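Asker: Those sequence lines, one after another, are chains A and B. Residue numbering for the first sequence follows the numbering used here, starting at 1 and increasing by one per position. Residue numbering for the second sequence follows the numbering used here, starting at 1 and increasing by one per position.
Source of the hints: derived by calculation from the structure; they are not laboratory data. Don't take every hint at face value.
Said to hold, decoys possible - Quick list of in silico lysine-lysine cross-link-like pairs, PhoX-like style, CA-CA up to 25 Å:
1. B:Lys312 - B:Lys377
2. B:Lys167 - B:Lys265
3. B:Lys467 - A:Lys130
4. A:Lys130 - B:Lys554
Computed from a predicted structure; not experimentally measured.
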Amino acid sequence: MRVTALLFAITLGVSALAQESAVPSCGDCHDDQWKAFATNPHGHGVKLTNATCEKCHGDGKAHIEAGGDKTLIYKPAGVAGADKTCLTCHDLATDRVTRHNGPHSNSATVNCLTCHSIHSSTKSTHLLAKPELALCNTCHTTQVASFRNKPYAHRLGTGGMECSSCHEPHGRAGREMLRQTNAGELPCAGCHKQQRGPFVFQHGSLAIGDCLTCHEPHGSSNRNRLIRSNIGQLCLECHSPITSAGSSHGLGSQPPSFHNLSLPRYQNCTTCHVAVHGSNRDPQLMK
Amino acid sequence: MTIKRLFALLLFTTAAAAQAQTFDLEAGYRFLDLKGNGGMYRTQIDEQEGFLVRAFSLTTATGPYADRIRISASDFGTSPAGAIRLEADRRDVYRFTLGYRTADQYNIFPSQHFHNRTRRTLDADLELFPEQRIAPFIGYSFNRFAGPGETTYHFGQDEFLLQQKQKDVEQELRGGATFKFSRVYGSFTQGWRHFNGNSDFSLFPGAGAGNNADPILGQQQNATTISRHDTTRVRTPFTNFYITGDVLQHLRVIGNYVRFSADSKGNEDEAAYGNFASFAISRFFTGATETATSNAKNTTWRGGARAEYAVKDGIDLTAGFQREHRDLDGAALINTLYLQSITFGGVDQRDFQAILNAKSSINRDEDVISAGVNARKLGPFSFRAEARQSKMDVDVAPDLSEIVVPGSQSGSFQRKVSTIDTNASYSAGGLLIGAAWRSDHGDTPIFRTDFDDRDRYRLRAQWAAPKWVRLGAVAERTNMSNDDASTNFHGHITQYAGDVDVTPLSFLTLRASASHFAADSTILYRRPETFAVNTSVHTENGNSREGGVTLNLKRVSLDAAFTTFRNSGSTPFKINRYSARAVVPIKGRYGVALEYAQDKYDENTTFDFDARRIGVFLRITQ
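Excised from the complex, chain A in its bound form (with noise of 0.2 Å):
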């Protein structure tokens, strides 16, 4: 009894085997994509089976059964395939990062996919469909034209900076689109750590406005990446308190008469207010 019973047993288990090593694997027919996904952010760490793909390409049975007919499984493409694949586990909506609202939330023009290869090469990271700079070259041509064209610009694709070292492409509109640091500032003070401040003597473009209020981060013909080519006469743009009837001058004071702008020095403002970010030592930021 037994042995019948061990027999048939066994004959049971080989037969269970059979049948499985019947079921052709996914792999058997995609062999790059299949030994790729085992480095995919998607696939490593757990057991690749065919229940593994379909989970993004639905039930696989009829299309293993036709002998591959591509009509017969799903490939997620275009805002539907994005919204319905990708946003299953991706759907994330905080203060500033948004997959429904944004200027690159899933729509015809662009989706996940536009920006995503899912079975691309594992080299690429976040699984980027190109390198960044060339990605966001795509759509954003004048803004990495200005990158290569502008002679003082950030060295993007060297070092770890890239577009998105700054901007926060799954961002809402607006100034959300740019990342923050930790303590919720704009992306500069994550690098530029000293001229954060606070100061006692601080500059006030840099307290009521930001950076951008003098710096043009894409590519500058200033050495100092400024919105102009000359530095006195970024400054002296805000400090001429010019009034007129009913009007404000603002925020900005006047040089004294000393700042002879026909000599090249006082065309040079931080020549002498070397600490133009803000000082602890000089109300003048001379030091």
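Based on these hints, arrange chain B on the given structure of chain A.
Answerer: Just chain B now, kept in the frame of chain A:
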């Protein structure tokens, strides 16, 4: 990075490659042929001659402690910026990232100012039990910015060249947790930042005569010694929190709060000896010692709430409110002792002490309300519109010191800016057309350059119907103005860009692009020396052309490009850039990459340069 470290990295990675799932290394030597101004070359490009790890990546799968470990590095060695990143994780147990970046900052300014500094940053983050209901995390960041420089110091009616050593170090420790319970999720972070800044200044050898060769009231100015030591310590605790709740089937509510409180303490010791004059105290003097202690505090918080209502699939309504408060207070006690002073009339007054006890404060409140609609699935069309209004209240206390002289630097200011931000797009059959318009209207300016009206327009078109060609075009225009008679500010920025990619053969891609950038702004300003009101005019008028070819043959790949940019604006210059890169396999997983790059900068001054680089790199891939 030293050569030893570079080789250590290479050895480690070569050994590790044996177990790697994927492995790539490209390392070699770059030659530099530089003609012209080396300082300007370093300011703009700064790629030096020497050993270089151009690229490296290693990925392992399924190890004893991690499901995956990935190490990647780029541009380490003689590049101005490099990065290494390590990622490791075990599903549902932990996720760890470690990033190290280095960036050289070399800058020659006109006159006697320059700096040659390096920023090194390290970021480490560990998240436990990711994707679980509560996932605690901890992180650490280190940022060091240090190096020599030269600056000038206006002192005693002369200007002296100083050499400077600067070392700023900031460390940040943070911890918190993300949480996810059914329909509610969010994140809480508590962190502490600690900044230490140190600067040492001393008179540049041989610079004691100062930049001013003329005597002041018959007395020649000179310095025998100038030394200064500054320290700044800033402690900044911060809190960051958001919570999102899907409270109803179609309604999502998000709340957020972030706060930091930066407390800065500064000390300065300065000593200067020589012969000086001061119009501020109307005396000659033979030296001065100064000590300064300061304390400044910045407390900033921002909080808000937002609701998102899905009217139907693909159509969302949003509304939000944010309030931000910023409070800056500062106090400084500056004690200056002028040594052996005599009046300009020749009366001996011996030592003279001046004490400045200054206080400053700025309070700034800003409220932003917004409402919008996003219809993103109207067949091939999508549409988004948002209206925002920000209202800012600023109080600046009289002691705020800004550039040059008191006046026009205090008071209460209010400014309201109303914004309409829209975009629409159409995408079907390989054709994409997008348009965006943003209009801002502001009332009373706080700064003279604040606009009354600003409009931004953007048009984009792309066509890629047959897969072998892609045409793209972008046009952008920004107009801003402040018509107040005392300001008369008008600014315009225009940008056009067009590009085309053609792939006539599967292994050949040709590309070309052209862009135009023009900016002009005019605003009234007052000349300090005459009090005359003039117009400040800034213009830029740049055109670029670019062409390139990519060839991917079975064994050899080649990529070559040429770019030229001419700017005929306020600062005319011309830049020509050439680059080529070929990858040739040698045997098995070994290959060679050859690079050529040339950058020619021409502003028709002594700052022009022509830099050619040739790189030879060994490639190992697996």
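Asker: None of the hints should be skipped; say for each whether it holds.
Answerer: Verification of the hints:
1. B:Lys312 - B:Lys377: Given pair Lys312 of chain B, Lys377 of chain B holds - Cα atoms ~10 Å apart, limit 25 Å.
2. B:Lys167 - B:Lys265: holds (16 Å)
3. B:Lys467 - A:Lys130: holds (17 Å)
4. A:Lys130 - B:Lys554: holds (21 Å)
Violated hints: none; the structure is consistent with every hint.
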